[in-house]
Amino acid sequence: MPTSYTVHNVTYTYPAARLPALREITFSQEAGEVLVVAGANGAGKSTLLATLAGFAPHFFGGHLEGDVYLNGRSMCHTPLAEWVTSVGLVFANPFNQISGARLTVFEEIAFGLENIGVPPDEIGRRVNTVIHRLSLTELANRSPYTLSGGQQQRVAIASVLVLEPTLLALDEPTSQLDPEGKRDVLTMLHQIAEGGHHMVVMATHDLEATHRLAARGLILHRGYVVGDAPLPMLLARSEWVQWGITPPLEIALAQGTWRPWSAPPPPFESSADELALPESLPVHVERVSYRYPTGPEALRRVSLRVEPGQIVALVGRNGAGKTTLSKMLNGLLRPSEGQVRLGPHDVSDYPVATLARWVGYVFQNPADQIFKRTVWDEVAFGPHNLGFSTKRLWRAVERALALCGLESLAHAHPYDLLPNERRWVTVASALAMETPILVLDEPTGGFDRFDYIRMCHLLRSLRAAGRTILLITHDMGLVAELADRMVIVDSGTVVADAPPRQVLADDELLAKAGLEPPPTVRASRAMGSSRVAYTEEELVALLD
Amino acid sequence: MPPTLFVPGEGLLYRWHPLTKITLAVAALVLTLVPWGRRPAWLAIPLAITVGFGLMMAAHGRGPALAWAKRLLWLVAPVFLSLILVHGLFYPGGRTPVWQVGPLTFTQEGLLFAATVGGRLLLAVGAFMVVLTTTHPADLTTALVNIGLSPEGAYLILAAIHLLPRMQARAQAIVAAQHARGLRTDGPPWQRARALLPLTIPLVLGAIQDVEERAMALEARAFRSSRPKTSLRVLRDSPAQRAFRRGLLLLSGAVTLLARLTA
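Same order as they appear, the protein sequences are chains V and X. Under this note's numbering, residues 7 to 550 are what the first sequence spells out, in order. Under this note's numbering, residues 7 to 269 are what the second sequence spells out, in order.
Simulated from the structure, these hints should not be mistaken for laboratory data. Quantities reported herein were computed from a predicted structural model and do not represent experimental measurements. It cannot be assumed that every hint is accurate.
[Claimed, not checked] To give an idea of the chain X side of the interface with chain V (calculated C-beta under 8 Å), a few residues:
#, residue
1, 12
2, 13
3, 17
4, 102
5, 207
6, 222
7, 234
8, 237
[Said to hold, decoys possible] Covered stretches of chain X, as calculated for chain V (at least 3 residues, CB under 8 Å):
#, segment
9, 119-126
10, 165-178
11, 182-196
C-beta atoms are modelled at their ideal positions from N, C-alpha and C, and glycine is treated no differently.
Using the sequences provided together with the hints, build the complete structure.
Have a look at this one:
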C-alpha cells in the first residue's frame with residue numbers, strides 16, 4: 007500500500023473556545039509530495055499541523071470531529087506517544103522545542119532516538135548524518151540554549167528529522183533562518199519528499215522561498231480550506247489579497263495578478279509632521295569589540311553610523327553578531343573596546359533605563375516583556391517610566407495603537423492575542439516612548455501580507471519624520487524597499503556598508519555572506535531586462 | 007547561559023558513577039540529621055565536612071570549584087541570616103543574653119540553635135551541589151532510571167533541579183526588555199518594589215507556559231513511548247565503587263543507630 011494520509015472531515019474546537027479553529031477539513035497527501043499550507047495569521051495553519059501530529063486533541067483536549075488516517079491507522083485511536091514516531095512536528099518557536107534534558111546539540115538531536123530505543127551505534131550514525139545535512143557540525147558540542155534563533159531552528163528540525171517520520175509537519179520552518187540556511191533546509195525537505203517514502207507538509211507565509219519545492223498548496227481562511235490545488239493554480243487566483251498571502255513574485259507576474267505592496271492602502275493615516283519629535287539623534291559606533299563571558303568574540307572593531315531620517319538594515323547569517331551590535335545602542339551590552347555615542351551622549355555614561363529615552367527597542371520575543379492586563383496599559387508602561395505627563399502619555403499611546411492597528415484590541419488581554427498581534431503590541435510599546443532612535447529585531451517575522459504592508463508604511467513614515475532606524479532582518483525584499491544603507495555583518499565584523507542596490511548587485515559578496523538578492527531582482531533578471539528592479543515600484547515601472 | 011548546574015570538567019568526581027556521588031551526599035545528609043547535641047564544638051563537624059567537599063571541588067579546577075562555592079553562598083547565606091535573626095532574637099529557650107541592640111536581645115541558646123540548623127543546611131546543600139556540579143544531567147537521569155525510577159520521574163527531578171538556572175536565564179532576558187522600556191531597578195526601596203511586577207509577571211507566566219511547551223517538546227520526541235529506552239552516554243561503574251557505596255550506607259546506618267542509642 008502506498009504511503010499516504012487522509013484528513014477526513016475534521017472540525018476542531020479548542021477547550022473553552024466558542025468557535026472551531028478548523029472546519030470541515032478534508033484532504034489527503036501521498037508520499038513524495040510537499041504540501042504548503044498558507045493563509046493569514048489566525049487562519050488555522052498551526053492548528054491543522056497540530057491536528058496532523060495528534061496534539062489536537064490528544065494533548066490540548068478540546069473537541070474533534072472527523073479523524074486523520076495515516077496508512078489507514080486512525081489518529082484518534084492511537085496514543086500520542088506512538089503517533090509522534092510516525093508524524094514529526096517542528097514548532098514555530100524553536101526555543102520551545104528544546105527538551106532541556108540534554109546539554110549539547112548532538113545529545114539533543116539524539117534524545118528522540120534514545121526514547122524509542124535505537125541502539126547507541128545507530129544513534130551516532132543517524133545523528134551525524136542529520137548534523138551534516140543541516141550544517142550543524144560546528145555547533146555539535148554547543149549548548150542548544152546558547153545558539154541564535156536560526157541555529158536553534160535548524161536543531162529543532164534535525165531533532166525531529168532524525169526520527170525519520172513518515173509525515174514531517176513543519177510550522178514556519180524558515181521564519182528565523184538566514185537566506186543560506188533557508189535554502190539548505192528547503193533543499194533538504196525537497197530531497198526527503200523526493201525519496202518517495204516521506205511526506206512533508208509545512209505552514210508558511212514565505213511562498214517566495216517555498217513554492218519551488220511544493221507542487222501543491224492548501225489555503226486556509228478562517229478555519230476553512232478555500233483552496234486545494236497545484237500551487238501555481240492557487241496563486242493565480244486573485245483572491246490572494248483577501249487571503250492575506252504573498253504570492254511568489256514570478257508566478258504573480260506571469261499570471262498578471264501581482265500587485266505591489268503599496269496597494270491596497272493601509273487603514274491608517276500618518277503624516278511625517280505628526281510623528282516628528284523635537285530631538286533627533288545620530289548613532290555612532292566606533293571600533294567596538296565585544297566578547298561574551300563564556301563565548302567567542304562576537305564583535306571585532308565594528309564601526310557604524312546611522313543618521314536621523316535613515317533606515318539602516320543589519321543583515322548577515324544567524325549568529326553573525328547583528329543582535330549583539332544592536333544591544334550596544336541601548337546599553338544592554340557594553341563594549342569591551344570602542345565607543346558608542348547617540349549624538350552628544352556617550353552610551354557608557356548612562357544606565358539602560360536612561361538610554362530608553364533615546365532608544366526604543368523591539369525585541370524578537372514579546373513574551374519577555376508583556377505583563378499588563380490590557381494592551382493599552384502595556385503600551386503605556388514605557389511612557390509612564392519615562393515620566394510622560396498624562397496628556398502626552400494618552401496622546402502617545404493612542405497614536406501608537408493606531409499606527410499598529412491595535413485600536414480595537416486596546417482593552418484585550420495581551421496574552422489572548424495571536425502571535426502577530428502580540429508582536430504589534432511590542433512595536434506599539436516602543437513607538438509610544440517617542441524615542442528618536444528605533445531598533446527593530448526581525449520585525450516582520452511571522453507576519454502575513456497585511457502586517458507586512460502595514461510595517462513597510464510605518465517604517466517609511468517614521469523615517470520621513472526624522473527618526474533614526476536600525477533594522478535587523480533576513481528579509482532582503484524589506485531591505486531593498488526600505489533601507490538607505492545595508493550593512494552586512496559576518497563573523498563579528500562589518501564586511502559591507504553601502505546603499506542596498508550597490509550591495510545587492512554584488513552577487514559574489516552576497517554569496518559569501520550567505521545572502522540572496524530580493525525577489526524583484528530575480529524577477530527582473532528572469533524577464534531579461536537590462537535594468538534591475540530592486541523595489542516593487544521599480545518592477546512596476548519595468549513592466550509598464 | 008545554558009540552564010544547568012553541571013560544570014564540565016575532569017577528575018575523580020567526574021569519573022565516579024552518579025550513584026556513588028549521590029550516596030556520598032546522602033551519607034553527609036544523614037550525618038547532619040544525627041542529634042549531635044548543642045555543644046559549640048559539635049558545630050565543627052558539618053563545617054569540616056563541607057570544607058572537605060570544598061577541597062575536593064578545588065582539586066577539580068577553578069571553574070567547578072568557584073561555581074560550587076558561589077551557589078553554596080547564594081543559596082545558604084540568605085537562609086542563614088534569617089535563622090540568626092529569628093532564632094537569635096526569638097528562640098523560646100533563649101536565656102543567656104550575648105548582645106543587645108536597643109530593645110532586641112540575641113541569646114546564646116538561640117544563636118547556637120541557628121548555627122546548628124545552618125550548619126546542617128550548609129552541609130546538605132554543599133553535598134548535593136557537588137553531585138549536581140560534577141554530574142552530566144543525562145547521566146543523573148540514566149542512573150536514577152537504572153535503579154527503578156520511571157523516566158518521567160527522573161525527568162521531573164531533572165526539571166526541578168534546573169528550574170533555577172532556567173529561570174535565571176529567562177529573568178535576564180526579561181530584565182533587559184524592561185530596562186529597555188525605561189524601568190529602573192536601582193534607587194530607593196519603593197522604586198525597587200515597583201519594579202517587581204514587570205519582572206515577575208512575565209517570569210511566572212513564562213514559567214507556566216514553559217511547562218506546557220516543554221511537555222509538548224517531550225511528546226514530540228516520543229518521550230512517553232512505551233518502547234524500552236536506550237542511552238547514548240555509557241555510565242561507568244566498578245566493583246570498588248559498588249563496595250564503597252554499600253560501605254557508606256552501612257556506616258551511615260550504624261552512626262544513626264549509635265547516635266539514637268546514646269542520645
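Going through the hints against the structure:
With its C-beta approaching chain V no nearer than about 7 Å, residue 12(X) sits inside the 8 Å limit, and its interface hint holds. Because the smallest distance between the Cβ of residue 13(X) and any Cβ of chain V comes to about 11 Å, over 8 Å, the interface hint for this residue is violated. With 8 Å as the threshold, the beta carbon of residue 17(X) stays out of range of chain V, its nearest partner Cβ sitting at about 18 Å, so the hint is violated. With a cut of 8 Å, the hint placing residue 102(X) at the interface with chain V is violated, because the nearest CB-to-CB distance is about 49 Å.
At its closest, the beta carbon of residue 207(X) sits 4 Å from a beta carbon of chain V; the interface hint therefore holds under the 8 Å criterion. Evaluation of the residue 222(X) hint against chain V yields a held restraint, the C-beta minimum of about 6 Å falling below 8 Å. Because the beta carbon of residue 234(X) sits about 5 Å from the nearest beta carbon in chain V, less than 8 Å, this interface hint is met. Hint status for residue 237(X): holds, given a least beta-carbon distance of 6 Å to chain V, under 8 Å.
Against chain V, the segment 119-126 of chain X contributes 0 residues with a C-beta closer than 8 Å to a partner C-beta. That does not satisfy the three-residue criterion, and the hint is violated. Judged by the Cβ-Cβ criterion of 8 Å, the segment 165-178 of chain X is covered by chain V as claimed, because 5 of its residues qualify and three suffice. A stretch counts as covered by a chain when three or more of its residues have a beta carbon under 8 Å from one of that chain; for the segment 182-196 of chain X and chain V the count is 11, and the coverage holds.
In this structure, the hints that do not hold are numbers 2, 3, 4, 9, in rising order.
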